[in-house]
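Q: Chain by chain, the residues run as shown.
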Amino acid sequence: MALINVAAREIHGKIVYYGPGLCGKTTNLQIIHAKIPQNGRSDLLSIATETERTLFFDFMPLELGQVHGFSIRFHLYTVPGQILYERTRVAVLNGTDGVVFVADAQRDRLADNLQSLRELAHNLKNQGKRLVDFPLVMQYNKMDLPTALPTPVLDRYLNTIKVPRFEASAVNGDGVFETLRAISKLVVNKL
Amino acid sequence: MITKCLTRLMDETGATYSMVIDRAGQVLSSEGEVHKGEMMHLGALLAGSYASSREMARLLREDNFRVLVQEGAREKIFTETVEDRWLLVVVFDHHAHLGLVKVLAKRTTQSLAEILRLVIERNEMYRLQLSGEFPRAAKDTIDLIFGNDDSSETPK
Chain Z
1 MALINVAARE
11 IHGKIVYYGP
21 GLCGKTTNLQ
31 IIHAKIPQNG
41 RSDLLSIATE
51 TERTLFFDFM
61 PLELGQVHGF
71 SIRFHLYTVP
81 GQILYERTRV
91 AVLNGTDGVV
101 FVADAQRDRL
111 ADNLQSLREL
121 AHNLKNQGKR
131 LVDFPLVMQY
141 NKMDLPTALP
151 TPVLDRYLNT
161 IKVPRFEASA
171 VNGDGVFETL
181 RAISKLVVNK
191 L
Chain W
1 MITKCLTRLM
11 DETGATYSMV
21 IDRAGQVLSS
31 EGEVHKGEMM
41 HLGALLAGSY
51 ASSREMARLL
61 REDNFRVLVQ
71 EGAREKIFTE
81 TVEDRWLLVV
91 VFDHHAHLGL
101 VKVLAKRTTQ
111 SLAEILRLVI
121 ERNEMYRLQL
131 SGEFPRAAKD
141 TIDLIFGNDD
151 SSETPK
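So the sequences go chain by chain: Z and W.
Heads up, the first sequence is in the working numbering, so the first residue is 1 and it goes up one at a time.
Heads up, the second sequence is in the working numbering, so the first residue is 1 and it goes up one at a time.
Just so you know, not all the hints are guaranteed correct.
[Claimed, not checked] Pairwise CB distance ranges, derived in the manner of DEER restraints:
{"#": "1", "chain 1": "Z", "residue 1": "Arg-130", "chain 2": "W", "residue 2": "Ala-73", "range": "31 to 39 Å"}
{"#": "2", "chain 1": "Z", "residue 1": "Tyr-157", "chain 2": "W", "residue 2": "Val-67", "range": "23 to 31 Å"}
{"#": "3", "chain 1": "Z", "residue 1": "Arg-130", "chain 2": "W", "residue 2": "Asp-93", "range": "15 to 23 Å"}
{"#": "4", "chain 1": "W", "residue 1": "Arg-74", "chain 2": "Z", "residue 2": "Arg-130", "range": "20 to 28 Å"}
{"#": "5", "chain 1": "W", "residue 1": "Arg-58", "chain 2": "Z", "residue 2": "Leu-114", "range": "22 to 30 Å"}
{"#": "6", "chain 1": "Z", "residue 1": "Arg-130", "chain 2": "W", "residue 2": "Glu-55", "range": "28 to 36 Å"}
{"#": "7", "chain 1": "Z", "residue 1": "Leu-55", "chain 2": "W", "residue 2": "Val-67", "range": "20 to 28 Å"}
{"#": "8", "chain 1": "Z", "residue 1": "Arg-53", "chain 2": "W", "residue 2": "Lys-106", "range": "35 to 43 Å"}
[To be verified] Residues of chain Z clear of chain W, computed beta-carbon distances all greater than 10 Å:
{"#": "9", "residue": "His-12"}
{"#": "10", "residue": "Gly-65"}
{"#": "11", "residue": "Arg-130"}
{"#": "12", "residue": "Asn-172"}
Rather than coming from a laboratory, the hints here were simulated on the basis of the structure.
Nothing here was measured: the structure is a model prediction, and the numbers come from that model.
Cβ atoms here follow ideal geometry from the backbone N, Cα and C, with glycine treated the same way.
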């Protein structure tokens, strides 16, 4: 649950971008960082390997401004997607208030998406949270590629619990802010 | 009261900076001079390090590693858990001694535990007052920032 700091008049929320390796989680944060006005964000912190794959997490604080005298700030994180880093994902997911599941829409990544989604449900359960009533938004990324599966097929396999979902091409900036807006609202709703 | 605890700890140890963060990396309180952006990044990284060391402990069938120490040529960071929910972070240089920081940080975590429980209780009471009008206003602000043409779809 988002942290309310009455003394500092601040509300903090943590949003984690989760999904299989190379699905576009870091790209989402890079686009947000590039397009958000400078007064709303700090530096994008990336802990990556030499080959630019996420090793620990990417992190970006995002100031939404004042509401009723409280400043609202979200901390956006990504997890490392590679299978090897399962325990690191558990660490990053700790205390999250909302999750964006970024799925790679390409046909040959469907099994990876399913595995990652199952792992997410398992990790949230271990934190005492249930996927069905937790703030979750799904993003079908890389929809611009010819190898992308149609949305109804992705819905059937990935979105059985019928959460809000967005088609995206994160690298072109499409669907990135729609996804962020939706998860932000779900997190605020849970205050 | 948290500020008082942190100030006393810094005065007695000669530390340059201290803060209390929660396990998600959010900074609850801080004392000393650090740029706000750096403070947020430090909070996120320390919470990440702590969560990561917790997973290591689990692999070694250890309950937890309660303390983390990072030592550089100039700066050192000492982190200790407060009731497994929060982290006390002390940043210090060669003017302070690690042994003293360890002993006094331990005492501070005991005082902080009680204070933080009260603060969280008060904040939770405030959360109830915020329900209703506040989420609506916050959502309007979000629409204002990100635009409000809703292209979202929830599959039928």
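Q: Each hint should be assessed against the structure and marked as holding or not.
A: Now for the hints, and whether the structure bears them out:
Range check, Arg-130(Z) to Ala-73(W): about 47 Å between beta-carbon atoms, so the 31 to 39 Å window is missed. Between Tyr-157(Z) and Val-67(W) the beta carbons are some 45 Å apart, a value that contradicts the proposed interval 23 to 31 Å. The hinted window of 15 to 23 Å between Arg-130(Z) and Asp-93(W) is violated, with their beta carbons roughly 46 Å apart. A C-beta distance of roughly 47 Å is found between Arg-74(W) and Arg-130(Z), which places it outside the suggested range of 20 to 28 Å.
At roughly 26 Å, the beta carbons of Arg-58(W) and Leu-114(Z) sit within the given window of 22 to 30 Å. Restraint check, Arg-130(Z) to Glu-55(W): a C-beta distance of roughly 22 Å breaks the suggested window 28 to 36 Å. Restraint check, Leu-55(Z) to Val-67(W): a C-beta distance of roughly 24 Å satisfies the suggested window 20 to 28 Å. Taking 35 to 43 Å as the suggested C-beta distance range, the pair Arg-53(Z) and Lys-106(W) conforms, at roughly 39 Å.
Annotated as non-interface, His-12(Z) brings its C-beta within 10 Å of a C-beta of chain W; the closest such distance is 4 Å. With a least CB separation of 6 Å from chain W, Gly-65(Z) falls inside the 10 Å interface cut-off, contrary to its annotation. The Cβ of Arg-130(Z) sits about 18 Å from the closest Cβ of chain W, beyond the 10 Å cut-off, so the non-interface label holds. At roughly 15 Å, the least C-beta separation between Asn-172(Z) and chain W is larger than 10 Å, which holds for a residue marked as non-interface.
Hints 1, 2, 3, 4, 6, 9 and 10 from the earlier list are contradicted by this structure; the remaining hints agree with it.
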